[in-house]
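> Sequence:
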Amino acid sequence: MVITAANNTRLSRRLLWGLILLYILPGLFARTPWKPDDATGFGQSFTFSQLPFSEWAMSLIGDRLYVEGGLLSAWLSGLFGKLAIAVNLPHNWLDDAMRLGNVFWMILAGWAIWNTTYRLAKRVELQPEDPLGTAPTRVDYARAVADASVLCFLGTLGLLVRSHMQVPEIAELAGISIMLLGAVRSLDRPIGAGWMLGAGIAIAFFARGWAHWLPFLLLLLASSMTHSTLRFGLLRRMTRAATVFAIPFAIWFFWLMSQKNGELWWNAWNEWNVRRFLILDPTQSFDLTKLVITLKTLTWFLWPILPMACWTIWRYRKALTEPSIRIPLAGAAAGVLVLLITNPADEANYFPLLAPLSVLAAIGLSTMKRGLISLIDWFAVLWFTFAAVLVWLGWTAATFGFPAKIAANFEKLSPGYVPDVIGLELALAFLASFAWIRLIVWRTASGSRALWRPMVLTTGGVILLWLLMMTLWIPRIDYAKSFKSLGDAITRSVLDHQSAVGRECVADYNLGYAQRATLQYHTKVDFIRKGQFKEATECEYLLLQDDTRQSLKIKVDFESRASGRWELIWTGNRNSDRHEFFFLYARTQQAEQRTENSSR
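Here the sequence shown is numbered in this note's numbering, starting from 727 and rising by one per residue.
Read the hints as simulated data drawn from the structure, not as lab findings. Heads up, the beta-carbon is just placed ideally off N, CA and C, and yes, glycines get one too. Be a bit skeptical, because a hint or two may be false.
[Stated by the list, open to error] Each computed DSSO-like pair below joins lysine-lysine, with the alpha-carbon atoms no more than 30 Å apart:
| no. | residue 1 | residue 2 |
| --- | --- | --- |
| 1 | K1138 | K1022 |
| 2 | K1095 | K848 |
| 3 | K1138 | K1044 |
| 4 | K1279 | K1250 |
| 5 | K1250 | K1210 |
| 6 | K1250 | K808 |
| 7 | K1022 | K1095 |
| 8 | K1210 | K808 |
| 9 | K1044 | K1095 |
| 10 | K1279 | K1210 |
| 11 | K1131 | K1210 |
| 12 | K1138 | K1210 |
| 13 | K1044 | K848 |
[Claimed, not checked] Derived Cβ-Cβ restraints for the label pairs, each shown as a range:
| no. | residue 1 | residue 2 | range |
| --- | --- | --- | --- |
| 14 | V1144 | R1287 | 35 to 43 Å |
| 15 | L751 | L1017 | 32 to 40 Å |
| 16 | C1036 | E1285 | 52 to 60 Å |
| 17 | L1066 | A1171 | 42 to 50 Å |
| 18 | F1112 | G1142 | 50 to 58 Å |
| 19 | I1019 | D1303 | 43 to 51 Å |
| 20 | L1098 | L1119 | 30 to 38 Å |
| 21 | I1039 | V1167 | 30 to 38 Å |
| 22 | I1163 | L990 | 54 to 62 Å |
Using the sequences provided together with the hints, build the complete structure.
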């Protein structure tokens, strides 16, 4: 495709960053933490917000050691939590304040992807054909391709939900994106590249460990060093700059680990990092089942950037040795390697692929034929319009009871929920739907030949779908995924009992991380884990969780061993979960007397 200066329109900076904010802000606020991953990440951040900085060396959820992740994203969210507490924000706004960390990481990742693509698109081998001398300048063309890369990034389906959760892979994505930018800068500015690589390594390491960034770094360095202009002296300067940047962080980190309980967390965290590699875990292997899971997840998680990146690789198959293709391709290969050596069922392991594939997808847009672009456009129009109609239909059924069959399905998913029409959210949903129609009309009628036009409808459709769900469905989703009502019920039961006998803390038994985190936040009682930092014998209550699908075996076993010592005072569950039940026990007076006698 011939690109001329007249049709090489670029997006304004305000519009581009406005799109990122429009993408990330809806769904971050005015809701409670959702189970399981969002609640777990929130619990980690919430604990940091309650601790002094001197005790931030170890990641906890309440008083329970937590190592399945990193520290960086929880540190940032915990810092926002401390600021919210300092300015006396209401307690129920604390989780909203902590999610501001997601905005920072998404903007940082978008900035790195834009700059990576911009620097590559300025290179000679990627310049468009110019038979008539009407091609845009290198800078203008590179800006248009870079704008398209951000649209590709935001239009990826797999990023949508998890980018709005408090999960460490968002920070890791930002770190890997900066590492990719550092590898690209090594082509002409090795010292700046070293700083970028050092920053990316530090962010990715503190965010989620070394299982992802290590193969990524090795392949990126290999792809950079094979470039003929990267002499040994340049590589030495780049490595020196990265080392200068990384050493202070390493010293600070190891000093932090030497503080109270830091070594305990460090050892457990390293064990978790090792277990993430299938080849290092003798109990696991990458078999055919895992391969099928990987292929299925890749199909939807990386839509549409995966097929677009494959198109780019095919069109530039004779130029794969050029650094503008080789470096992002090496990043994509590192992402695939991560999938092969880690657990492919975990969506977090697909995040390292987002940055390099977004870059590759944008690079190939200028080579697409008009028929292929029209196919992408009409697919986006049909799919996202159909999905939007389903969201509206679901809201109508859930709110007004028609169609009855769809309403019955919603009632099964969230029994007991009483729908309420909120004027502001309904107005925003209508506005988003109207904007989608206007976008379709503009795209089909304007005849725009801007380089980024194939991604306009796809990215706009993703934002539309998320806006509709976060306005029309958010109350019901929050009802189904939240532990707030359960926490309120537990608080009432404990406080009512305390008013009679003056008892204190609650020990938990068989509670998962997500349950522990959200109940700690929503209840007004002190949770102490049995056998952790304070013995359960010091608590007068015990909360046990069990599952009816396992015939409540844990409850039966506990009551058989604790007969006469604990009295069941409350049983409950979330209305949206028919299998998960909670049992609150109070210590009997006989058990108290035995405890007092033994202490004497």
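> All hints, please: hold or fail.
Right, here's what the structure says about each hint:
no. : hint                      : result
1   : K1138 / K1022             : holds (28 Å)
2   : K1095 / K848              : holds (22 Å)
3   : K1138 / K1044             : violated (55 Å)
4   : K1279 / K1250             : holds (29 Å)
5   : K1250 / K1210             : holds (11 Å)
6   : K1250 / K808              : holds (19 Å)
7   : K1022 / K1095             : holds (28 Å)
8   : K1210 / K808              : holds (22 Å)
9   : K1044 / K1095             : holds (19 Å)
10  : K1279 / K1210             : holds (26 Å)
11  : K1131 / K1210             : holds (29 Å)
12  : K1138 / K1210             : holds (20 Å)
13  : K1044 / K848              : holds (19 Å)
14  : V1144 / R1287: 35 to 43 Å : holds (41 Å)
15  : L751 / L1017: 32 to 40 Å  : holds (38 Å)
16  : C1036 / E1285: 52 to 60 Å : holds (58 Å)
17  : L1066 / A1171: 42 to 50 Å : holds (46 Å)
18  : F1112 / G1142: 50 to 58 Å : violated (30 Å)
19  : I1019 / D1303: 43 to 51 Å : violated (25 Å)
20  : L1098 / L1119: 30 to 38 Å : holds (32 Å)
21  : I1039 / V1167: 30 to 38 Å : holds (34 Å)
22  : I1163 / L990: 54 to 62 Å  : holds (57 Å)
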